[in-house]
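Colleague: Listed below are the residues making up each chain.
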Amino acid sequence: MTLTCYVNGVLRTFDVTPDEYLADTLRRNGFFSVREGCNESACGACTVLLDDKPVLSCSILSAKAEGKHITTVDGIQDEAKKLSHCFAEEGADQCGYCNVGFALTVYSLKKHNKNATDEEIKEYIVGNLCRCTGYQSQLKAIKAYLKGE
Amino acid sequence: MRVKNYYYASSLEDAFSRLHESNKNAIIAGGLWMKKTAQEYDTLIDLSKLGLDKIEDKKDEVVVGAMVTLREFEHSPVIQSLNSGMTAFAVREVMGLQFRNMATIGGSIFGRYPFSDVIAGLIVLDVALHFYPEAKMSLVDYLSYKGKYDGILTHISIKKDNAKGYFKKVKATALDFPLLNISISKRNNKLYIALGSRPMTAALCLKAMDYLDKNPVDDEAINKASEIACEELMFSDSTNISKEYRIDLAKVYIRRGLKEVL
Chain S
-2 MTLTCYVNGV
8 LRTFDVTPDE
18 YLADTLRRNG
28 FFSVREGCNE
38 SACGACTVLL
48 DDKPVLSCSI
58 LSAKAEGKHI
68 TTVDGIQDEA
78 KKLSHCFAEE
88 GADQCGYCNV
98 GFALTVYSLK
108 KHNKNATDEE
118 IKEYIVGNLC
128 RCTGYQSQLK
138 AIKAYLKGE
Chain W
897 MRVKNYYYAS
907 SLEDAFSRLH
917 ESNKNAIIAG
927 GLWMKKTAQE
937 YDTLIDLSKL
947 GLDKIEDKKD
957 EVVVGAMVTL
967 REFEHSPVIQ
977 SLNSGMTAFA
987 VREVMGLQFR
997 NMATIGGSIF
1007 GRYPFSDVIA
1017 GLIVLDVALH
1027 FYPEAKMSLV
1037 DYLSYKGKYD
1047 GILTHISIKK
1057 DNAKGYFKKV
1067 KATALDFPLL
1077 NISISKRNNK
1087 LYIALGSRPM
1097 TAALCLKAMD
1107 YLDKNPVDDE
1117 AINKASEIAC
1127 EELMFSDSTN
1137 ISKEYRIDLA
1147 KVYIRRGLKE
1157 VL
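Chains as they are written, first to last, in our numbering: chain S, -2 to 146; chain W, 897 to 1158.
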């Protein structure tokens, strides 16, 4: 079947099978910033935005993206750079595998709730796992990013 | 999971007719738990384009479309103001934000999953399920319905009872399945108690509720009700929690919950 959707603002058409997941479709077509982690809806590494909402690309069928706007981290480069600067300042990452998922989730938070409290930030990122840090440095980095520091 | 065809239904009639073309056809909601099955489907029928993604605030009830996502549900001001926010809180306990942006109310209920926080949060309220072809069934009746229901769940309605509610999900980690769900509500001067993930699907503790109905609700009655509730429902071991510990937890949280809603 054919999937027609927008990826980072560009209209794209992909050949997909009905049981194919979005992460696989995107990676097969060169969007390697989309990372697969647990592949069972638990880690958030594969997060992309679907019509501006963070979703797990490992667990959503590609067919469900028909006509929708998909954003990968390639589509938010300026914001990702700002966030990675904050992460670096706070020492908030080590291996970096989870960063892409964090970047998209936190970007979404900034769009929807720029003045998020600590609790709201925690609630927003609870689906993004990091096995290197203890989340405290990330929390500080995210707060700095939301403040535009 | 293997799927041969993916089909966007143009109407409920169309979806229903497609569904019954083959016993290997199925309705897909968020599709999150389907992934974990080894099932083969001829056609998955998607209801996304049928306008079932709205929450309507009516005079006596709130009507929620089956394709409303858990995130939309928990963020709806109408839902947040319902039953002291307990319903929204129960849904917020489900996995992470990304997951709740995909999972739907209809899918969470229709599957009658034993681990469902959504069902556990709703069962103590006056909730009706609406199906196509036109049929209506209470959530409690649906949960005890034998076999797979033939119709398509289109929306649910939650009666505005001005209930006071309590919900507790006992879990080992933030993204874990529940080890136990406890939900309690007080509506129209009656107390409702339910236990889910025992590890069976949530069920009302009817004998405990009846006991509280017929006796003055003091500390002694609360203790007695927590004992009755744990005797009338079945509990089992899971890999990470024993049956005995589940029962101990249930008694403690039932007592706390009852005191909170009184």
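Since the hints were derived computationally from the structure, they do not count as laboratory data.
We put the beta carbon where it would ideally sit given N, CA and C, even for glycine.
Please note that the accuracy of each hint is not assured.
Stated by the list, open to error - Pairwise CB distance ranges (calculated):
no., chain 1, residue 1, chain 2, residue 2, range
1, S, Y3, W, K1103, 35 to 43 Å
2, S, D75, W, K1060, 44 to 52 Å
3, S, E86, W, R898, 21 to 29 Å
4, S, M(-2), W, K1103, 51 to 59 Å
5, S, C129, W, R1151, 25 to 33 Å
6, W, K932, S, C129, 40 to 48 Å
7, W, S906, S, K144, 44 to 52 Å
8, W, K1060, S, T1, 26 to 34 Å
9, W, H916, S, L8, 32 to 40 Å
10, W, P1029, S, E86, 35 to 43 Å
Colleague: Which of the numbered hints are not met once you compare them with the structure shown?
Modeller: As far as the earlier hints go, 1, 3, 5, 6, 8, 10 are violated by this structure, in ascending order.
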